[in-house]
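K.L.:
Residue strings, one per chain:
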Amino acid sequence: MNGTPLRVIIVDDSGEVLSALGRIIDKQVDMELVGVASSVDDGVMFVRSLQPDVVVLDVNMPDGGGLRAAKEMVVAAPGARLVAFSAFDKMLIRKAMTVAGVSAYVSKSGDIRELLTAIRAGRDVDALTTG
Amino acid sequence: MGRRPFLLLVAAVVVLGGVNAVMLVAAPLQRQTVVFDDYSETLAALLAAGACLFTASRWHGRSRQAWGLIGIGAACWGLGQVAWTYQEAILNLQPANLFPSYPDLGYLLSVPFAIVGLLRLPGAVTTNEARLRSLLDGLLMAGALLFISWDLVLGPVYASSSTDAFAQIVGLAYPISDIAMATIVLLTLSRLRVGQRLPITLLACGVLLNAFADSSFAYLTTVQNYNAVNFPDLGWTMGYALIGLAAVRTLRASAARDDDKVRQPRWTLMLPYVTVAAAGIAAVVTELVAGALTRVLEWDLILTISVVLFRQFLFVRETRSLNEQVARKNDDLDLQVRERTGALVESLEDLYRSNDERTKLLLRLVTVQEQERQHIAGVIHDDMLQSMIAAKMRMFLLHGDGDTDDATATSIELSIEGAIVRMRTMLSDLHPHILELGLIAAVEQSIAEFNDDGRLSVVLQNELTGDPSPIVATTLYRIVREGLNNASKHAQGATVTVRLHGDQDGGFSARITDDGPGFVPRGDGRSPQGHLGLSSMHERAEALGGWVRIDSVPGSGTVIEVWLPQKPEVISQIPAA
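Note that the protein sequences, when read in sequence, are chains H and S.
Here our numbering is used: the first sequence runs in plain steps of one and ends on residue 131.
Here our numbering is used: the second sequence runs in plain steps of one and ends on residue 708.
Hints should not be assumed to be uniformly reliable.
Just a few of them, taken from the derived set where beta-carbon distance is under 10 Å, the chain H residues facing chain S [to be verified]:
1. 17
2. 65
3. 71
4. 72
5. 89
Among the chain H residues that face chain S by a calculated CB cut under 8 Å, a handful are [said to hold, decoys possible]:
6. 16
7. 20
8. 24
9. 45
10. 48
11. 50
12. 51
13. 88
14. 92
15. 94
16. 99
17. 100
18. 109
19. 112
Ranges of calculated distance between the beta carbons of each label pair, as one might list FRET restraints [as the list claims (entries may be wrong)]:
20. 626(S) x 23(H): 24 to 34 Å
21. 624(S) x 26(H): 48 to 58 Å
22. 666(S) x 26(H): 35 to 45 Å
23. 74(H) x 626(S): 49 to 59 Å
24. 45(H) x 518(S): 49 to 59 Å
25. 666(S) x 5(H): 18 to 28 Å
26. 630(S) x 114(H): 30 to 40 Å
27. 560(S) x 68(H): 19 to 29 Å
What the hints contain is simulated information worked out from the structure, not anything from laboratory work.
Source: prediction; values computed, not measured.
Quick reminder that beta carbons are idealized off the backbone N, C-alpha and C, glycines included.
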């Protein structure tokens, strides 16, 4: 296992979710919360400048929502993995997000451990491909 | 009186007439013939009087008066005949010595009663024109009959050199009253009601027979030949028999009211002219036989022809005024039709206007409803749902990422998760977020859900070539979902085809076809029992100026078709007829 913690950015327009999820990620020893953004534009800017390992991206947001954010983030930080984190679990939205470039789609109403697993999943893949 | 008894009466009259005729021919001047004639005349007149009075007692109004007076007239004549029979058949006096005497009192007294009675018969003289026409017709016929009578009877009677002035007056009274009676009877016939054809014709024939017999009697008395040929007796007997039959028949006739519309048989219109023609023929014959007409006849002819001309003049004037009336009525009718049409068009415009307003209101209602739903959905999503999700995460933080045995913590987590699920369901009902990915995406999503559910097998045919406006997309989506909902409830296991069609110009439509059991749609296309959703489909579509059509036959599946205009707006013009 790689000793360097995963650098994570959370983008969500809900302050409450941002703060709670931030604390959860903060508490994970293998993760480092490098930034939180409450809008698509801020999120894209942070991702471009911080080049994180993983972005946890809310889907239902104003200004084009997660779909626009995902498309722009893929360009802004090609090395970052995008995990969609949504209150909606519609097959088509999931498909659209996947097409836009997210590598995992996790429901907000599910167990929070699923999100953590999805964040870590990238590492395993990376580990496999790099080593 | 029924048909059979009446026919029996007719038969009796025919037999009586036959026997009488045979006796007159076979034994002309025999005593038994004279006696038989006298008795049968008396009997006929008194029976006719009885029948008329009985009929009068059963009627009311003009008919009652008419038959009553005719009955009294017949009774007078009958009593006169009783006196005659007493003198001729019982005292065995000679007829020549019996004129004039008591019987003549009865005979002549019967005339005014009969005339007034005939005039009281229900007729159709209602307008002044009709009254004048009747008067002219009466004058015409009186003139013509006077001509014939003077030519044949009156002239010779007048010319006969009877020394007794009283006898001459009585002798003249018969043929003159005959002219009057015949005229009135012909007049009555000329305004015959269809329902009373038989009784009035019988009455007319009876009166005419009597008049003819009277005139013949006067003529024969004048030429002192009554004893040689006494066929007038047969005329009186049969005349009164016919009057009696007419009275009996009237009992059966339908109640004629004075306001009854008179439908005249056509031949009655010819009556005045027929009498005039008969007078003309008499004139020609007299001219040929005697070489010239007497002065009275000439004047009578001139006067009669004047009346004919005057009547024709009136006829032409009346026709022209009738034509003018018809033209005026036509114009009035035209005007009325135009006015009514105008009023109809106006109320139609009102109707369209109020329908317009109703549709506008509906559209506004639907739009506001969607906006409100979207707003509520936004609040739930952005605020409550996120709070719940955050609360769930904090619970996770509270007991760490390890499993916990704390039952309270677990139940709180379960409560939160339940609330999140309910909020999500509510959200997609309130405002289908999926629509933000487009109508097709949203419908595909719904189809996938119904297919996953396993109760339906749904196929999508997408023929859309444009993007509907949000309100159209939302409405179309909701109607399609409602259709699929209905199918999953009432047509489980059915194969359903959803066909989306349309573009920016022609509007957008959806067609949902299933091969389920079908149902009997209501006439107005609204929801039958258990299909409440159909009503809301109609309302949604109509609010946008579109329509929904539902075709279903039990056993043959259901087709729901919806069309919505691209730009929902109200129809504000009356469609061209």
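K.L.:
Could you run down the list of hints and mark each one as holding or not?
P.N.:
For each hint, the structure was consulted:
no.	hint	in the structure
1	17	holds, 5 Å
2	65	holds, 8 Å
3	71	violated, 14 Å
4	72	violated, 18 Å
5	89	holds, 8 Å
6	16	holds, 4 Å
7	20	holds, 4 Å
8	24	holds, 6 Å
9	45	violated, 22 Å
10	48	violated, 26 Å
11	50	violated, 23 Å
12	51	violated, 26 Å
13	88	holds, 6 Å
14	92	holds, 5 Å
15	94	violated, 10 Å
16	99	violated, 11 Å
17	100	violated, 12 Å
18	109	holds, 4 Å
19	112	holds, 5 Å
20	626(S) x 23(H): 24 to 34 Å	violated, 51 Å
21	624(S) x 26(H): 48 to 58 Å	holds, 52 Å
22	666(S) x 26(H): 35 to 45 Å	violated, 55 Å
23	74(H) x 626(S): 49 to 59 Å	violated, 40 Å
24	45(H) x 518(S): 49 to 59 Å	violated, 27 Å
25	666(S) x 5(H): 18 to 28 Å	violated, 60 Å
26	630(S) x 114(H): 30 to 40 Å	holds, 39 Å
27	560(S) x 68(H): 19 to 29 Å	holds, 26 Å
In this structure, the earlier hints numbered 3, 4, 9, 10, 11, 12, 15, 16, 17, 20, 22, 23, 24, 25 are contradicted, and the remaining ones agree with it.
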